[in-house]
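Input sequences plus hints: build the corresponding full structure.
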Amino acid sequence: MFDGLILLSNGVAHFLTLESLFNLAWATLLGIVIGALPGLTATMGVALLVTLTYKMAPDQAILTLMSVYIGAIYGGSRPAILLAIPGTPASAATALDGYPLAQQGKAGLAMGIATTSSALGTLVGIFFLALVAPLLAEFALRFGSYEFFWLALFGVVISGRLTAVDNPIKGYIAGILGLLVAMVGMESLHAHQRFTFGLRQLGAGIDIIPAMVGAFGLAEILTVMKRRFAPKIVSSTDRVIPRIGEVAKHWVTTIRSGLIGTIAGIIPGVGEDIGAWASYAAARRASKEKEKYGKGSIEGLVAAETGNSAVVPGAMIPTLTLALPGSAAAAVLIAAMFIHGIRPGPMIMTETPEVLYQIVGILLLSTIAIMIYGLSLTRILVKVLVVPREKLMPVVYVLCVVGSFAITQRMFDVYVMIAFGIIGFILREMKYPMAPLVLGIILGELLDVNLRRGLLLTDGDVTPFFTRPISAVLWIVILMTVLMSIPRINGFVTGLFRSSSPDNGKAG
Amino acid sequence: MSEHASDTTEQDNLDTPAAIKADLLAGMFFLVLGLVIAYLSWDMPRLETRRIHPATIPGLVPGLLGGALALCGFLLALSSARAAPLASGWKTFGHRFVGAEAKRVLALAGMVLVYSLGLIGWLPFWLATGLFVFVAIVAFEVWLNDAPAPLARSLIWAAVQAVIVAGAVTFVFERGFLVRLP
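As they're listed, the protein sequences go chains Z and X.
The first sequence runs contiguously to residue 508 in the numbering used here.
The second sequence runs contiguously to residue 1182 in the numbering used here.
Since the hints were made in silico from the structure, they are not lab data.
One or more of the hints may lead you astray.
[Unchecked claim] A partial selection of chain Z residues facing chain X, derived with a Cβ cut-off under 7 angstroms: (1) Val165; (2) Ile169; (3) Arg256; (4) Glu289; (5) Lys290; (6) Val386; (7) Glu390; (8) Val398; (9) Leu457; (10) Gly460.
Note that the coordinates shown come from a computational prediction; the quantities given were computed from them, not determined experimentally.
Note that the Cβ used here is the ideal one computed from N, Cα and C, for glycine as well.
Okay, structure coming up:
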């Protein structure tokens, strides 16, 4: 217990240096600007920044990337409130009540509440990160090849199911495509080259960073530039700093949304957008003023912003302890950690326990930075929103080229970025989610190696994959998830519960 | 704003005839792709000469994934075929490729490809970047815009921005972050 507290205070103190505070300050601000600019997402920002942080010391690089991530998730609330266009998908639920508030002349209050809610959401998430991550890491030490195989499959299936609510098959297809991308190149069990088609550059596989820069950078640029109409800004000059009472009034919503956001973060590949929507829906269900939702409800705004911000620390739980990305941006963070010689996974608490607490420290410090920026830089941030996309997007594409080239310094990675950008754009247009695709690329090797290693250990017998306790839980959850995404089975099960429930009228 | 909103809603509706047809084609594509991958995996060397365990052959996982992709593709195509008559909806599907939005996407994709595959390597990076930024800004401000900006003004400001971006990116990345540029 005390060891944990000491490690935690060391984690914060570690970054109380001039260099760290400088990096924290510019990276959080850059993150907010990236999040505020419609078309630039948190994932894209983090992916592009990997290049810039390549030569930094590992702790400073992770500090910079995390600060950009947190800043961007918060920054997305600005255009959601002032333009009704979420700066990042994470802020889509914010727009529902934020924009009506702005139209009522309460843009300042909406921005202030969004800021405090984001900070409180991150704090709730940090609490659970510090509490759950060490326990999960210890528990995960029991995992063998069988469990890791199921865990990889679990990540892709759950992410596919929850990010493509309307048509889960599209989520599964995106996940499978990601896993297949990971099959390209030399496999690590027998050093055999798969699907390289004689291309020497494919021997080492497809690098995650250019793939992400394409899927989240170029694809986003094409999506933004496709639209013919640019949105109009709504702003007002009312007070930004909310009264303590205005924030404290919603403490139940804050805690509930923080919890829901954290859980959404823990679930692999389910990101900030789902966290925000889920906590918004839960707050609305529990609210005494349901009719105000969508028309400028402060409570709704609190739920959305707390929910999306709590996902960030929540996502770090599986990211650090299982190397299973909790969100798309966390997938980039895993790639960046490997680049800098940090190995996330169950051994993290044994090998480098300080990393976990340093990340908690980073989250705390960047939350403070967000509060300072969010409540003071209102006017300047509004100016960011009026930068025309025609002037901005070409520059962003130049950064995509530099970002994908710079790490390994080969043009092949730029071609990978373009291919992923164009394919990603087409998939997005057809409503395929990107998160399972990315998760698939990250988890492909884990799935492949652990299935075959497990089979080698059992001499080809698949029984342990199904009978070991943790494995059994995982495959049953996977099976249930897949079965429940079949409309007929889902309808049958829902009907079964409805008919057995005594107050079935209230069930919906 | 409302115009934009309605435009988006129409495009985003999952049940539009165009979206159903797109799903049908995509489903068939994934079915074929999955089968091709499964075949390639089956055909992959099984490394018998190295006496590896037959349950660890390199083609095992890609083969399973190919099969899963084919199954998902089949199910997607099947549900789309059931959602609407096969003969209807192709016209609205075709409209997706000829409207103003399609033109904007194709124009940008073209510029991106010319810049990345042609100009970079042929010209110095700063010059290629400047040219790309200049052309992209002018094209989207003047020709591909419902409210076009005056040509002369756009040309001047785009040139200024192109010079600044080309210079700043080259300087910041090469000198500041010690990164090599293409």
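Consistency of the hints with the structure:
1. Val165: Given a least distance of 11 angstroms, the restraint on Z:Val165 is violated.
2. Ile169: holds (5 angstroms)
3. Arg256: Interface hint status for Z:Arg256: violated (29 angstroms vs cutoff 7 angstroms).
4. Glu289: violated (25 angstroms)
5. Lys290: Interface hint status for Z:Lys290: violated (23 angstroms vs cutoff 7 angstroms).
6. Val386: Constraint on Z:Val386 not satisfied, violated at 15 angstroms.
7. Glu390: Nearest chain X Cβ about 4 angstroms off; hint holds.
8. Val398: This hint holds: Z:Val398 lies near chain X, its Cβ roughly 5 angstroms from the closest one there, short of 7 angstroms.
9. Leu457: violated (10 angstroms)
10. Gly460: holds (4 angstroms)
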